[in-house]
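Protein chains: 2
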Amino acid sequence: MQTVKKTYFTVGPSQLYPGMETMIEEALKNKVASISHRSDDFRKIYQQTKQALINLLNLPADYHLFFLGSSIEIMEKIITSCVKQNSVHLVNGAFGEKFYETAIVNGKKARKVNYGSDGFKAEKLLFPKETEMICLTQNETSSGMVIPVTTINKLRQLNPRPLLAVDIVSSAPDVNLNWNLIDLGFFSVQKGFGLPAGMAVLIASQKAIRRAEKLIKTGYSVPGFHNLLTLAEKEADYQTPETPNILAIYLLGQVVKKMIEKDIRKIRQEIKIKANLVYKTLRKCHNCRPAIRINRWRSKTTMAADLDFPSKKLLDKLNRAGLAVSDGYGENKGKQIRIANFPAHSVQKIRKLCKYLKIKLLEIDRHSNLV
Amino acid sequence: MQTVKKTYFTVGPSQLYPGMETMIEEALKNKVASISHRSDDFRKIYQQTKQALINLLNLPADYHLFFLGSSIEIMEKIITSCVKQNSVHLVNGAFGEKFYETAIVNGKKARKVNYGSDGFKAEKLLFPKETEMICLTQNETSSGMVIPVTTINKLRQLNPRPLLAVDIVSSAPDVNLNWNLIDLGFFSVQKGFGLPAGMAVLIASQKAIRRAEKLIKTGYSVPGFHNLLTLAEKEADYQTPETPNILAIYLLGQVVKKMIEKDIRKIRQEIKIKANLVYKTLRKCHNCRPAIRINRWRSKTTMAADLDFPSKKLLDKLNRAGLAVSDGYGENKGKQIRIANFPAHSVQKIRKLCKYLKIKLLEIDRHSNLV
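Taken in sequence, the protein lines are chains A and B. Residues in the first sequence are numbered from 1 upward in steps of one, following the UniProt record's numbering. Residues in the second sequence are numbered from 1 upward in steps of one, following the UniProt record's numbering.
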């Protein structure tokens with residue numbers, strides 16, 4: 001299919017977690033892809049992957065964990081299961097917007113708070129008292145902006161009643177949330193966990209499940225075959241309502257096991273080091289700069305850079321060097337690049353990327369000065 | 001995980017298609033799991049898999065093909081996109097029932113026609129003239145009953161106006177439908193195509209898409225983020241609205257290519273031969289018999305047998321011999337076994353299964369005569 005073998009620093013799908021080939025080989029040898037989703041062998045896989053994620057992310061032991069097809073599906077399940085009418089969405093890009101639109105297309109009176117490149121102050125936000133759920137995109141993959149964990153905690157402290165739902169699609173497992181403050185969180189496996197695409201994970205508190213139960217038992221109708229309650233009923237027996245991506249559930253468990261062995265603190269420390277390397281490189285060049293101005297609102301896992309020239313120039317040069325990064329998203333397509341910094345990306349590979357980034361940016365700079 | 005290496009004759013997930021390990025290895029070498037779902041490389045994969053399925057199943061060239069997470073998701077998309085109020089469901093088991101319930105939970109005035117083990121005559125069915133969609137479960141995985149293709153064709157001939165939706169979850173690619181008569185068809189990849197679970201495929205006619213378009217353009221609101229129309233818009237550029245299971249789309253293309261090379265007529269011929277071997281074995285034993293009385297309503301791909309003793313006895317004996325078959329479904333759990341006969345199961349493996357089936361059934365028979 002391709003002639004140059006690339007390293008993928010794309011924001012998702014991205015580089016596979018080291019050893020993925022062997023994990024898949026092992027899984028196939030153990031017939032993981034042939035076992036029934038109603039068998040004890042599957043129950044064990046569900047339970048092991050769930051427990052591993054509880055350990056890795058430091059989740060409260062009574063939290064629920066569901067395996068679904070995609071993050072958009074999860075947004076829909078969250079909104080339709082737990083919100084009768086009023087959700088509030090803090091939006092800084094395409095995926096926060098998608099969360100908001102999900103509420104709108106499902107008939108909710110959703111409110112949107114757009115915030116700009118300076119972020120927001122939790123103290124300045126006033127939510128109507130009927131607000132049932134506050135929806136955050138902790139790491140906005142489209143813009144490279146994060147909501148700092150301290151801001152999330154402050155937001156929760158000031159608004160203890162509504163459910164707090166946090167999209168960590170492209171920041172898990174790096175983001176170190178205090179899960180006791182969060183009711184719903186979700187991520188896709190093809191980003192920070194380095195798996196093939198095709199599955200997403202929903203984490204839900206008891207409070208979230210009780211909310212769904214209360215709504216449903218008072219006659220509220222959830223569209224669709226499954227909701228948070230039917231998912232929780234099946235999960236009690238480590239099962240899923242429909243045939244899930246068994247192989248992906250197994251592989252996720254294996255990756256998480258490796259992450260625990262390596263130590264999540266070390267993984268997070270490395271992500272910090274790698275992010276600093278990239279941002280340092282970007283700051284040193286004259287024809288590009290980090291897209292997000294304020295350091296603590298800047299993503300460490302999906303870093304966006306503004307360019308003074310068409311992004312294609314840089315993307316092509318990097319591609320030829322076997323380095324794939326993402327173009328800008330939406331209106332920033334052609335004007336930005338986005339670089340993933342996931343646990344699958346070694347410090348060494350990021351160093352190589354930085355080296356080439358510098359060379360290629362200089363080439364483009366020199367060429368533009370000549371013209 | 002397991003000590004005895006088994007062959008899986010379970011009705012899904014089941015035995016992987018021969019060569020799957022190598023196909024996955026190749027895919028990973030070619031970085032299929034890392035490429036973007038917005039890239040040209042992905043577009044090519046979508047296009048190739050679609051074209052291969054058009055060739056294998058003899059689909060009209062203008063039919064649409066969508067990749068979704070599961071068959072239940074597809075049932076929901078079909079019903080919510082194309083039915084304003086009235087669908088009719090012919091039901092003979094749990095999955096036909098699920099199709100019907102999908103319509104009910106999505107607020108439709110669905111009608112259900114239960115039919116028994118003698119099947120039905122198309123001429124005897126009268127549908128109200130407001131019927132928008134007739135929903136069939138061509139191969140009912142839970143009961144092992146099929147609707148013969150001639151009956152489907154007759155049904156269409158007598159009812160030309162409504163959309164005709166056919167669940168071929170566990171009979172594709174064996175069932176040889178006349179697609180010109182069918183508007184919607186869907187299957188899961190973990191059954192007849194021998195892939196790991198986690199994806200399902202929806203085939204849709206122009207008429208079905210136009211119906212969704214007409215409904216939506218006249219103000220009908222489809223719940224959820226995606227519908228048949230948004231799927232078709234993305235498909236026009238060989239893309240999907242959300243990150244799909246790229247690896248599975250690629251692998252499906254590879255399996256279909258192999259099936260075309262082998263020749264679908266040969267695959268169907270073998271399935272017939274293998275089904276005859278199994279049914280012959282079942283008929284020869286005194287303590288079991290095919291669950292479906294009439295031969296032409298009997299599934300060739302998911303064969304159910306009534307047992308005169310608890311199924312666990314037989315399942316355990318077969319398991320110990322490295323042969324996994326499925327238990328009965330729902331109220332038939334413990335009373336039946338179900339045997340898959342997919343393209344991944346070689347004639348030789350089915351012969352081995354038949355041999356052991358005969359031995360184990362005799363053992364049980366002899367033991368029960370002794371007690």
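Because the hints were derived from the structure by calculation, they are not lab data. Hints may be right or wrong, so weigh each one.
Note that identical chains are pooled: a pair holds if it fits in a single copy or bridges any two copies.
BS3-like cross-link-like pairs, simulated, lysine-lysine; straight-line CA separation at most 25 Å [to be verified]:
(1) K312 with K31
(2) K313 with K217
(3) K313 with K257
(4) K333 with K31
(5) K124 with K258
(6) K108 with K84
(7) K312 with K44
(8) K129 with K262
(9) K257 with K29
Consistency of the hints with the structure:
no.	hint	in the structure
1	K312 with K31	between (44 Å within a copy, 21 Å between copies)
2	K313 with K217	neither (57 Å within a copy, 41 Å between copies)
3	K313 with K257	neither (40 Å within a copy, 37 Å between copies)
4	K333 with K31	between (43 Å within a copy, 24 Å between copies)
5	K124 with K258	neither (41 Å within a copy, 61 Å between copies)
6	K108 with K84	both (7 Å within a copy, 21 Å between copies)
7	K312 with K44	between (47 Å within a copy, 21 Å between copies)
8	K129 with K262	neither (44 Å within a copy, 65 Å between copies)
9	K257 with K29	both (19 Å within a copy, 24 Å between copies)
Going through the hint list in order, the structure does not satisfy hints 2, 3, 5 and 8.
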